[in-house]
Every structure is written in structure tokens, then in C-alpha cells.
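Chemist: Protein chains in written order, with our numbering: chain A, 1 to 663; chain B, 664 to 1326; chain C, 1327 to 1989.
The hints are simulated quantities; they were obtained by calculation from the structure and are not laboratory data.
Do not take every clue at face value.
Unchecked claim - Simulated coverage check for chain B against chain A, where a stretch passes if three residues somewhere in it have a Cβ under 8 Å from a Cβ of chain A:
id, stretch
1, 754 to 764
2, 793 to 804
3, 1062 to 1073
Stated by the list, open to error - In silico contact screen, one side only, chain A against chain B (beta carbon under 10 Å); selected entries:
id, residue
4, D101
5, G216
6, G496
Don't be surprised by glycine CBs; every beta carbon is placed ideally from N, CA and C.
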Amino acid sequence: MQPTPSSRLWHGVSWYPELAPERIDADLERMRERGLSVVRLGDSCWSTLEPDEGHYDLTLYQQAIDRIAAHGLHAILCSPSYTPPRWLALRYPGALRVDRDGQSHGHGGRGHGSYASTRFRELACGIATVMAQAWGRHPALLGWQIDNEVNCHVDGDWSVETRMAWGDWLRRRFGTIAALNHAWQTRVWSLEYASFAEVQMPGKNPFGHTTGTSGGTHHTGLMQAWGEFHSDLTVGFVEAQAAALRVHSPAPITHNHIQLERTRSADLFRRLDFAATDSYWWADVASNHWHNIAILRGLGKPWWLMETSANQSGGGTPGPLKPAGFLRAEAALFYGAGGTGFLYWHWRQHRGGQEQGHGALRTAWDLPALGWDEVRRVSDLVERCGDFLTSCPAAPAEIAVHDPFSSKQYIGRGGAPMGDGDAQWTYRRAIDQELLPQGWLFDRLPEDGDPSPYRVVLSPWMPVLWPETLERMLPWVRAGGTWVVGPVSAIRDRHGSAPADAGFGLLEAHLGATCLWTAGMSAEGDLAGRPVKLSGFCAALQAGTAEVLGRYTTGYGAGQAWLTRQRVGAGSIVMIAAPGKDLYGPVIEMLLEPLGVRRFTRTAGAVVLARSGQGQRGWVLVELHGTGAEVELPDAGTDLLTGEVLPAGPRHLGPFEVRVVRC
Amino acid sequence: MQPTPSSRLWHGVSWYPELAPERIDADLERMRERGLSVVRLGDSCWSTLEPDEGHYDLTLYQQAIDRIAAHGLHAILCSPSYTPPRWLALRYPGALRVDRDGQSHGHGGRGHGSYASTRFRELACGIATVMAQAWGRHPALLGWQIDNEVNCHVDGDWSVETRMAWGDWLRRRFGTIAALNHAWQTRVWSLEYASFAEVQMPGKNPFGHTTGTSGGTHHTGLMQAWGEFHSDLTVGFVEAQAAALRVHSPAPITHNHIQLERTRSADLFRRLDFAATDSYWWADVASNHWHNIAILRGLGKPWWLMETSANQSGGGTPGPLKPAGFLRAEAALFYGAGGTGFLYWHWRQHRGGQEQGHGALRTAWDLPALGWDEVRRVSDLVERCGDFLTSCPAAPAEIAVHDPFSSKQYIGRGGAPMGDGDAQWTYRRAIDQELLPQGWLFDRLPEDGDPSPYRVVLSPWMPVLWPETLERMLPWVRAGGTWVVGPVSAIRDRHGSAPADAGFGLLEAHLGATCLWTAGMSAEGDLAGRPVKLSGFCAALQAGTAEVLGRYTTGYGAGQAWLTRQRVGAGSIVMIAAPGKDLYGPVIEMLLEPLGVRRFTRTAGAVVLARSGQGQRGWVLVELHGTGAEVELPDAGTDLLTGEVLPAGPRHLGPFEVRVVRC
Amino acid sequence: MQPTPSSRLWHGVSWYPELAPERIDADLERMRERGLSVVRLGDSCWSTLEPDEGHYDLTLYQQAIDRIAAHGLHAILCSPSYTPPRWLALRYPGALRVDRDGQSHGHGGRGHGSYASTRFRELACGIATVMAQAWGRHPALLGWQIDNEVNCHVDGDWSVETRMAWGDWLRRRFGTIAALNHAWQTRVWSLEYASFAEVQMPGKNPFGHTTGTSGGTHHTGLMQAWGEFHSDLTVGFVEAQAAALRVHSPAPITHNHIQLERTRSADLFRRLDFAATDSYWWADVASNHWHNIAILRGLGKPWWLMETSANQSGGGTPGPLKPAGFLRAEAALFYGAGGTGFLYWHWRQHRGGQEQGHGALRTAWDLPALGWDEVRRVSDLVERCGDFLTSCPAAPAEIAVHDPFSSKQYIGRGGAPMGDGDAQWTYRRAIDQELLPQGWLFDRLPEDGDPSPYRVVLSPWMPVLWPETLERMLPWVRAGGTWVVGPVSAIRDRHGSAPADAGFGLLEAHLGATCLWTAGMSAEGDLAGRPVKLSGFCAALQAGTAEVLGRYTTGYGAGQAWLTRQRVGAGSIVMIAAPGKDLYGPVIEMLLEPLGVRRFTRTAGAVVLARSGQGQRGWVLVELHGTGAEVELPDAGTDLLTGEVLPAGPRHLGPFEVRVVRC
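This is chain A alone, in the form it adopts within the complex (with noise of 0.2 Å):
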């Protein structure tokens, strides 16, 4: 049988075959006795492969995807369109990105041609065609990459193209440039459009700046608009290129993906086969992995881990070392949450360029670098549990939250009332940190996701409410399930602007209240009589058939709710319409404990991972931050990795400590 992304637990590794071409055998041979299954190769293959345009060299490449499968080995080969050559740059000046201040990016880096450029993608395409022709019914081709890391350096492009494209994607977003006008309330400052083509890119303008050399605030709407265009035009970038391949391969196609608040990632993979994420982290380790992990889950697709370090990273400064064990219980999350894929970049220490100093399996000089022993736990953990893992699927989270794209957009682009550049991680931190280190285990859903098979959903710091999301959510909310709303959420329509009928716009019809007003502010109030501090964007609610469970005790809004729950048909809209320091985890376990919604553990840096499906169950426990923690194991059964048969119920895992549990 063929293999897939998900037909068993890959394990692999980046690999660049033009370091070292004399040690290729020697190299996969080390890979294979170490326990690898896969090797990714290709991102920066363009200059190898097409050293000038339209002259091809093949030789090193078809060597190196020859002895892969000689080696009994699998490879991901990644398109290089990330690694433009310098014959691109000099050729056609016109392809390569250009900055907010006019001016093109040059050779010298990576990720410098234009999405927008219908050269750069011929070029691109025509790399990937001339790979898919070459190698793409190859035995050892196990899938293609499209791309590396999209988006992962510059956010916005500024080419003549782009603002070509840029125009074409509002004409077909609003049909009419009146429509757009009104959307965006271009009236009220003078800034109305005649034309799709009129319509600026957000370059240099005075507003908001105080120097006179840069930056510039634009509208709310135009920013919301740009975020979202940009998304799309990656897309169609990647979606390009899969194409191009899929003319000479069937092998399935992914992308790494790492600037999830850049490009949608709905729409990011869902034309492709199987989902990948790039993470690296070293705090947090718990809540900072699943931030990616809980976005994969949500899109129901098979999906990996393309690259962590299996030490450290360090473009620059290097990173934390990782300690022994630690990159087991890496693995175990990422497999356990259903992953099928775990790859290290890279194999062998760059001699040159701007990662020289990153963490590698080897060293410059080929000897084993820290971590080598670490893969091979990896590998031991592979071969013990991925039989099982492979069969048994990961089940879904009782929870999800939305993973709000446009409000990302929205709050991350200097959208009132939330203004500065770090306003999005407030988002993450609140949900990730709150959530998880308190044992609430969720996925996540886009804005139009299906929440059928969660209990709860969800909604905080996503201002921009789709009236799609409402759609989709009112049913289950009146069969039964319970949506927790805010803070910050539904105060802004798609189109970034603020509603004129109603505080919380089409959602208010079933909040049972009403917004009377917003404003920042730090107030005041209860939480079920327990006294609370309120702080930053607040709306006062006048109830009306909503029960009240939090009210405002100071200030202006002293007697009004800030927390009230409305029942809809079988199951009720919760609405937090104040944020507070730390308030969040409080005010939803207050909300969730009731619901019975489980958890197995209370302690950051623990997951309990759930599996189930094919006549099985089972369970993964992990240990992420070193300190030990305190776990509940909901049924007894056998650990894999010891043959231990442990009981049901509470548990201490040691530091980084993995239980794999078949029931």
C-alpha cells in the first residue's frame, strides 16, 4: 500500500542535499539507523535545480531522491518558490515585493517575490512543474510542500501588482464602489472613492504620527480590508502552485504554515490534503504548541509538525537548549493531539548564511550534535505507540473557541478601540494561557465553522462578527449548546465597522439585553457576589430576559450587567462584556464547571490527550514544562511505552514523563 501523511507516524528531518553532496549516502544511512521515516528537501532548491532560466540541472537532486528510496526512506519535497535565485531578481526587478516606503526587496534573503506577480508565479509554477514532472510519481515521494513559511518575514506587499490585485479583490468583495463607500463610512472623513482603482494601498500618510519620516494610520475599513485581501492573495499564490503540481503528481500537498495570524488558514489548507505548522518554542512550551495545534485540529484534515529543533533554534541569538527528554514529550503532544508527522530542521549545522548558528542533528563538521540522542527516544516512542496512535484517531475537544481571522485583522491592524501592535497577542494570552494551563482542552473553529461536535463554543476578543458565524452558530446554540461571547466580541461588522443599530449588532436580537454604551474604562463589579476589577473595552448591559450574572458596582455603569447568560431554545448565549486581568479563566469555569465539561488536569505544562474510534480508546499523557504535574487518567488501561497497566485516576507525571494508554 502506498503510504500517506497519516498511514503511519512520520518521523524526519530537513535535509540539503547541496551541503555536504559527498556524504548523501553516508547521511541517509545515519538518518535510517536513527529511527527517521522521512526527509524534507527542496525548499531552497531553485538555483541548484534552474541555475539560470530555463537551463535545468536535475543530476543532484535525482541522486539524492534515488538513494532516499535506495535507503527505504520517504521524502516531502518542497517547492522553492520561498528561495527566488539571483537571476530572478536581476531579470525581473518587477516580481520581487515591494515595502510600505516604495521600495523593492532585493536578493539576499528569502520570501522576496511578490504573491502578486503574475511572473514570479509563472516562474514558480514552472519550478514546480519541472520538479512534479521529474519526481512526481516517485517511489520515494511521499507529498509536496508548497512554498516555506508564507507570509513569514513581511506583512504587506506594495507592488504596482499587488495594487492591481488589490483593487480586483475589492471590486469583487463589494460590486460597487458606493457599496464600498458606505461599508466603510468613507463620507464622514472625506476619503470617498470614485472607483475600485482609486482605492489606495495603506502607504505613508500624516494620520496618527508625530514624526516626519514614517508611518501613518489608515481606516479602520481599509485595514480590515488589506488584512484579508492579503490572506487572499496567498492562497491563490500557494493554490496556484498546487495545481501545477497536481498536473504531474498525485502525491497529497501541504504547506508549513507559522504566521497563522497572516493568512487564514481555512483557507490556507483547504485545497490542500494534509495541514503542517513550523513551531518553535521555549516558554510556555504547553499553551504556545497548541495555539498551532488546536487550529490544525479544527480543519479536519490530517496534519503534522513540520519543523521544530531538536536543541535549539537561532537565527540570531540562539535559543534555550532544550533538556533531555524534553523533545519526547514534544513528540508526544504533537502525535497524541493526532499529528502524524514530527520533522526537525535541520540535519547537518549550515556553514554558512543567516541560520548558521540554528541547532542541527549534526554538526558543521559531521560530528552528532546535542539532541542526537533525544531523536532517537523519538524514534523509540514511534515504533512503540504508532501502531496504536495510527489506528485509534485523536478525539475532537469538548471545547472550541473561534479562531477569528478577521478579528485578528482587525485588532492586529490598529483597529479601535484596541490600538497597539501587540494587540493581538491579548487575544492569545487570554485564550491560550487561561484556558489551557487550566486543563481546558479545545480546538479551534474558523468563523464559518461547523460547531456540531462541540459542547461549548467559545468567542472572546473577536470583535468582528460575521453574520455567517451567527448563522451557523444559532442552531446549535438552540439545540442545545451554550456560546460564551466576549469580552471585546461583536462590536465590529465584517467590514470593521461599528453597528448602527444595536451595541453588539445582529447578535443583540438574542442577548435578552441591551447595550446601552462602551467605553474604556476600569470599574468595578461582581462576578455571582464574589467583587472583581474590571478593565479596558466594557459595554453596559440592560437586561432584559437575560439572567444577570455579573454586574458593574462603580462608575457609570454601576447597576448595569457586564456578564449576562440568555437561554435560546435548549441552550443559552453568554455574553462577557468586560474584560478584567485574569478574569477570563474565572469567569469561564464558572460557566463550564456547571455544564460538566471535563478536564483531567489543572497544572500548565500537562495535556491529557483523548483517543478514540475503530473500537478503541485510549489516552496521552504529557509533561511539557519540566516541573511534574498532577494528572488525571480517566480509565485504566496499558502504557505502551513501559507495559505498565495503569489504574484510572489521579497520577503525578515527572518531568517531561509521557504515558501513551491503550485501554
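Could you slot chains B and C onto chain A? The hints should help.
Modeler: Then chains B and C, alone, in the frame of chain A:
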């Protein structure tokens, strides 16, 4: 009688009829009912009135202004040059501001029109003329505002036409290029110019920065002139519009001045009919508001507060929320000090745009926003006290402080020895925060202003001394005035150059002391026998006929004076030749107390304002910091707000308490 | 006998005759009377001498130089290429530097001429030739200074001609493009170049920055070459002027070098006659001055301190004021260490310009400024000790520290694994602040310098190891030298690439140990049995024949060595394979004490300098930090300043105390 900006106390709000045309009558009715009397509109009307160049549609504003009249309200109409429409930027890219990097500011913000552009001036005057023709004699029209907050967002313009205007300005200022070279001392650094056309704008140069990409420090003389030139350029831009309006409208004209460090207030309002400022503060409110008030009071014209928020500002992160009672106290401060207008920005929350999150009187969904009740309390104040405050004028302070625009340029534009960009605030802090909180009420005097209404003139942080200032001050001193100069004053001539004849230049002949040397240093000294710490730009004075009030006691200056007083006719000139942290206040106290200069509070946040004239007298007492304050009511009288008869003498003011006392 | 830069102790000042031509004689008379012997002038004379291209007016400088001679003074004449006149920028915009954004630096500052511009070189050599023809044999002429503080304000030039020079330089360095591609390992990231003309300058690229507007990290190899290229380019610019001067003048030539990290000192002075530096410090004065002194001492040429302030510096915010007595101590440091010139910047306060606030010997109004008396004390020192210090040379230190210009480029230009831009200071701190304050006096050795005068050579923070260095060092080690390498040394080849054969490349064969791996990490270890903390870029050494002096005790390296010593012939090579906070000093102490390397103080701020030669011996003792210090006078002798006979042995130096002892 036709109302004028000072014929009553005006109370009003900015309004954007284009935001909700269907609510025009409802809005105006609510304004009237809330006690407002004036509506400010039009600052961003350009695209509405002139959707394409030369094509006009006055319908909406005609309706708005007619309905204003119909509701018994009055209008301030703004010329919309702050918000050039899209067609202007597209059709006339040369009409836009250019930043120091040579990049044009584009559409999408505000204030991107170049004040130096002939085309932009024509277009701005053109739309102003259309408005003046249409509504210049409309019964609702109370007055005009030109543009909005000139130079608010950017400091400087490097356009081609600005460059030409710069050369012309220099020619007018210096006459010959030799005079410029001499005044700036360009030969020393091989910077000599052969013609005015050769004098560059302060663009990028390598001096004084260490990275490869930005910055560069320019010559003191050039920066001094650049600052003065930009002020003049701005004034010319405003005056051109005023001239256009006057052809068709007899209504008085103002501007809402907010960047008081970038355009000289005395020049800006010289040919306008009344003055105005925008003032938003949430810390050290009394001193910060007074900074603007004192400047307006010094101009000898009616003046308004054109913008403040009724609740909170917030283009980005919302500012603190004004607590209950505070708004009335602010209004009492402005009205009590002599202002006759107090207006809010703005009526209804914008649905989109950069200031979407800014507080307004109504929510986007048209409910009363925070501050709605506070506005009513201001209306009550106006109703009870308006007649008295209109008929009995505000009395000038006993003290004037120079408002040294030239010196601000010197300090703020990198002039040695002050250096850093925050330096202008040193000056503000010293004056506003060491005087007002100690109860020393003061007006501001332009550099060539008439000191005759005052007993004492203070000139701190005024490095640049004009001969004209000396000419105004000396006769007044001889007639009995007390002139307190320094610290860091009189060390540069009007071109920012150090004097070659004496350390304090033209002034030194009148000091009875010789400046031996200057240095940035820290030392100890005495102040009338008490030890003090001196730190910053210090001069050592060798006293001749002057009385020594303070000496250095350590360091190079030991034994020399840092504080002297010289009798000059019936008056005296005091030289404060060294700064020190928190030292200005004690020095002033020591000097002013023996003169019997009166103060009626020593509590920061409290202000006691005298009214006197037309046979009436009275006092306005305000507490602004919410802390309560001890004040003295100088004369018995009746509180017009409560009807109480209040005895003269000490009083406690509660938080935000206001008393308007007619004697 | 014609005086030379080292024929006596010179004491002087920079002077701008154009500032006050009417005071020329008075100025020179005061200089002479104050004890000064040399006047430096001309660094900004260009517009005075050549007011328009090809039109000369030498009157003022002719008079100045004639009067210098008439007053018995001598002159250092500066070529004025640092201050190109206005006509040059207007007529030859291509002669100006261009920054990374592609923007030309304009007139108004200094240093804006492009060192790569053929036209600029012609013009700079042209005016230098005119000066040499006029005054090249003038009796007052003591020497020439070329330009002023090369590369002081900007790092790098991106002009078109620079680009061409860059390609040419690369061709000379690498010979073939294949060699470059191999040396830089460009194939790995698809960065291969097909010709030298294709190699871009390090402009904007998207890698490694996250905002849309600036930055971009480049390839290690390219940045390494870029740094070396710019040094060579600068040297070529200086040498072209030197050649022009020598045609008409036999006088010795120097440059005042201040940006020692941007131009290789050994190259810069190779073809000049004497060396000089500008050195302004107000914190950790001894170490910071010594940083420059040690480099100059290592060049084997006469050398001067060309600029310091007599009181305070202050282009912007004034630096701290030098206390009384300090200036003489500074002079004693420079003269005592072997310098034969000590000059101030500058004579009279500039009336205008960027350094208007900089301290000078006279005020703008021509009174004595602060420091006037201090200068006299320096003159006294010169008078009493000049003969002795001129005839008895400064002795070299026992220790040399490599001055690894290539490694500074690697560290300072983003080379992994050091990363941040401040990294070059890590290196300085370690050396200057852990050695000198402990009394270890050292000279600096260029990368290819001759170690034979020294007993010990230290090579810390020298990641880039040249083969030439190894060739110089090994015979010296075999003959008995002690070479202490590391930390963070010998991990890259001359192109900044990691070695492929051994962790420490060419050096490893001589270490008696194998580098197993490297990592950025923290761990514990021991140093001769004492516990120490190791942190930063560490390597694990497996000792073969080497003696282990320190081992890791925790972490991945536990049991392996971080400090080894290998006997090599009669000498030894010590490898310090891990850094640690405040660890370098103790390691050096442990290594050097047994060797009997002498030190005469352990108080920071005190320096004890040996003089020896021509049958004489002596010591100069200086206290620079104002704290007093304990030192040892190695031999009895007579203090030339006081006439006292001082016994050998411990002494206390009071604040700023100076002793010049002839034995």
C-alpha cells in the same frame, strides 16, 4: 443683535451630518434640548461638497445649515482643507506633503495637503469660496474655522514647492546670502551657500547618527530658520483661506490650534477674529489646559475651546474616562478664564475610520453615550452664569510668562545645549507645573508682546533673545516692572547663534554682572543662604553692580553667582543663570512674595480666576484634579450656581467643585 | 633640527581661523602663553580655500599659517574632505554617500562624500594638492592629517560607484565566482551568483524582520566581506590623499581614527607616518582610553591623541564636566603610554552649528572657558617631563591581545551565533574591563601581527581565525609563548563560514582535544576545582593529550572539558571553550600568575606605565577615576613633577594623582 463668538457663552459640539443624514432633525433637536447652542461642522465636508473637481453638491450641507437655523442653533463652519478628497491626491500629486525621506504622503489620512503648494492653496481657497458664497451670510452662521489643527500630525514638508518657498523666505529674512552665512556662521564648517536657492531643506545627512538608514542632525541656524519658516508658511496658508472667505462673508474667523509648538500663536491669530484651541488632557489637567489658555489669553482676542471630549478620547487606545462632575469643572475653567465657547468632539460615534473608538455624545447606535448627563450639567452652568460671565470680563493675571516660539524651535529642533527631542517639554514642565500648582496664575506674552498689563514677567528657558523683546521690556522695567530671566535664557541670538560679545548677548549690559562661562554641569549652591542643587546648563556670573541672591558653592563656579538682581530704574532684572530640579518654583516664590503678587491657592488642580470690568467683579473657583483643594475667596459674594452668599476667606473645594461668585 | 611628531611632547588645540579672523594674533599669542606648541587646523577649510570649483582663495589660511610660525608654534594641517562644500553636492550628486534605503546623503552635515566616488576622490585630492603646494614646505608645518574621523557617522555606502568597487573587490578577493559561492556556501539557500557583478550590496530584504518597512538580515559571508571591503575602501580613500600630498610635501601624515570597529587600524596607518586617535570618555575612563591606546601601541609607529575635550564634549546633550585635575591625568596616561601629542578640540566655542554646545578653551565671547587652568597644568607636566619621556621610550606590555578586525565584523554585522548589534561591545567589555582594571596591561596585535615582543597573547572573542594568524602564532608558541584562545574564538574561517573538518578548524590540530559540539547554553562547570557558571556560546571538548583545566559539571556537556591546555614545543595553547559572566578575568589570572606576568595595581582607574630604553628607565603612575588607588612603584626614582625621591614599593595615589618617575 447678530450674535458673535463672545456675545454669550457658547456651548456646542462637532457634528458630521454625512454620518446619518436621516437623523439630522433628530440630532439637532436633541442638541437643543440638551442645552447646546452651537454646532461645528464641515471639517471633512470636501468630498461631499465637491465630489469631483469643480462639481459641487451642496444639498446635504444646505439642509444641515438650514435645519440648524430652524432649531435655533448656530453654526461654526469649517473649511475642509484638512481632508483633501481622493481626486485631489490623484490629480495633483504635487499638492501633497513630502516627508524628509522625499516620500509623498498619500491619501487615507488627513492633513496631507502641502501648505506650500500653489495648487493646493487654490483648491482649498476654492472650496472655501464656494462655502462662503453659499452660507457666508446664512442666519445660522456664527463663524468660520479654517482647516483643522494645522501641523497636527507632521512636522515639516520637503516638497519641491516648499523648497522654493524656503528659499524665498530666507531671502526675505536675510536680504543677502552673505548675511545668512554670517548669521549662521556657515564658514566654520565649510557649509557656506552661494545663493538662497542653494540652501537645502534639512534632509538626510550623515552627521550625528550612527545607523546607515536615517536621521542626520543639521546646523543650528538652519533648524532655527526651518522652524520659523514653517510657522510662517502655515500662517500664510490659513490667511489665504481667510481672505477668500472674507470676500463673501462678514462672519468672524478662527482656527482650532493644537500644535502650539509648531505654529506661532500670535502670528496665526493676528489676522483672524477670534482664537481657539483643542485641549484634551487626563493628567495634570489644570496645568496642561492652562498651557493653552494662557497663550490664548495673551493674544487679546475672544477665544474658545473648540474641542474636548465629553467622556474619553481615543483614536487608538482609549484615554481615561472623565469621572462624573469633571466636565463641568473643565467648562468652568475655560469659561472662567475668559473663553466664550466650549465644544465637544463629537456628537455621534463614527462607525469607521481612525477615530472610531473616540468618545462621543451618542453611541453609533444612537443611544446616549457616557457624558450625556455631564453635558447637561455644563448647560446648567452656562444658563446660570452665562450673563454674568459675558458681561464681566476675565481679568488678566499679575504675571506674564513669555511664550518664546523662537526658543521652542531652538530647544525642540536639536539646538545645543538642550539636545533631545523631549527638551521642549522641560520648558513646559518648569512653567506649567512649577507655577500653576503653587497658585501663580499667569498669562503668556509673545516675544514682542506688550508687558504693560503685568507686574512681573518671567522668561525661563528662552535661549533665543530677540532685540525686539529687549526693546519692549526695558522701558517697562525702568517704569517698575520685575523681569525674571532664565534659566537657560538669552544665550543665543535670533538666529540661534551664540553671541560673540557677551555670554548673555544684548541683555548682559543690563544685568550688572558678567557671564564668565557656561557649562552643562551639576554643582551645589545657595539660594538666599539655603543650600540648593544646580544641574543642567549653568552660567557663572561675576557680579558687578548686581545684588547676588545665589552663589555656587562647589565646583568650578564656587564663589560666583548663579542668581542676581539688578535694579534698573524703578524696576529690576533678575537673572537665573542655573536650573535645578524643582528649583524654579522656590526661586519664583522668593522673588514674587515680597512684591505682593497674590495667589489664592497652593493646591495643584485648583484655580481661582478673577473677573472684573464694566462695573462688576467676581471670582470663579474650580477644582480639577478630584482631590479637593484649599483656596481663598478674595471677596464675599453670591455663588450663581447655588445662590449661596459666600464670605471672603479660606474655603475648601470638594472634588470637581465649581463656584461662580458675583461680588 | 626639523621637529617631528615624536621629537618632543606636543601639546595643542584645534583652531578655526575663519571663526574670528580679526583675532588670529590674539588667539595664537594666548596659545603660546598657555604653553601650547601645536595648532591643528583646516578640517573644514574647503569652502574657504575653494569657494567655487577651481577658484581658490588662500589668503586667510596663508595668514593663519604664517602667524603660527611667527608665534613660534607648529601646525597640523588637515585635508578637508570631511566637509565638502555646497557646490560639490550640487554639481556632483553622484559624489555623495547613499544609505541602505538608496537615498543620497545631502549637504548640511559632514562626511557625506562617497569614498568610492572617482569624482569625489579627484576633488578631495585636488584641494589637498593645492594645500600641499601652498604650505607643504612651510616652516610651521609639522604634519598633515587626512580627512577627519573616517566613517564616523555612517557605516556603509550604497552608491552606484560603491557597488562597482564592491564587485571589483570581490573579484580580487575570490578570483572566481565559484570560489565565492563555495566560500560563502551560497548554494544552500539558492543564493548562488553567476558573476561578481551580480553580488548585491546588503540592501533591504525580507529576511529576519517582521515589520513591513525596514531591515533585513543578510548572509554571513556577504556581511563579512562587506565589512572588510568598506575598511579597504576607506583605506584607499585615505591613501589616495596621502599620495597627493607627498608629491609636494615631505611632512609626515596621519589620520585621527575614531571608529576603530569600521576601518582596520593596521591597514589605515600602514602607509601613513604616524597614528592618531580621538578619544572622549567620561565613564570607565582608563579602560576606554586604553582600548584605543593599546591598538595604537600595537602599530609600531609614533602616535598622538588628536582630540579630547578640555572640559566637556557636547554636540547635543553635554557630557559630564571633567573635574579639576583630571585633564592632567589624562595627558599623563597618553604621554606615559608613548603618545607624543595631546590636543584639544577646540579653541573657541563655535557660535553656530551642530557642535555649538561643545566645550572649548575660550567662550564664544572670548573669555577663558572651563579647563583654561587645567590646560596650564598639562603644560607644566610637559615642561617638567617632556625631555625624559621623549628620550626614554614607552616599554611594550608583557601581554598582547589580538585586535581581530575580521572577527569584529563577524560579531558586529549579525554573524551567528552572537546576533545583536551591541555584540561587539561584549568583546570590548570582556577585554578592556576584565583585564585593565585588574592591572593586566596589554597591547593589541593585528591579526597578522608579530607576537615576538610578548610573553602571552590573548585571543578572546575572535571567532574568525585566519590561517596567517596561525602561521604567526605557532612558531612563537613553540618557542615558549603562551597563547590563550577563546571564548568564542576560532569557530569560523576568514569568510565567516563554519569549518567542515573540525569545530575549531585549522586550530584544532594543535589543541590536543576534539570539539564535540557547540551550543548556546548555560551550565555549571569547574575551574581548577572551583565551581563556575558558564553561559553563552559553549563548545564541549574531549581532551586527548591536552590537560583539562575546567570541565562542565551539568547538562549535556557534563564530564567534558571547557578549558584545556596543550603543551606545544616550549609553549602552550590554552583553549577557553565557554564564556561566563565575569569569568574571563579569573581564568586569565589563573593562567598568567604562574607565568610571573607582572602587574602593579589592581585598582580600576589606575595605570602604571613602564618606560625603558636608550639607557634610561622610569615609570608613569596615573589615577584616572578620582577614587584614589593602591599601586606599586617597581623601582625607586625621582618624581619629575615634584622632585621627590620615591622608594620602590606600594604607594597610594590620590584622586587624579600623577607621578612621572625617572629611575
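Chemist: All hints are to be evaluated individually against the structure, with a verdict given for each.
Modeler: Here is how each hint holds up against the structure:
1. 754 to 764: As far as the stretch 754 to 764 of chain B goes, the hint holds, because 4 residues have Cβ atoms under 8 Å from chain A.
2. 793 to 804: violated (count 0)
3. 1062 to 1073: Result for this restraint: violated, n = 0.
4. D101: 6 Å, holds
5. G216: Status holds, d = 5 Å.
6. G496: Given a least distance of 7 Å, the restraint on A:G496 holds.
Violation of the numbered hints given earlier is confined to hints 2, 3; the remaining hints are satisfied by the structure.
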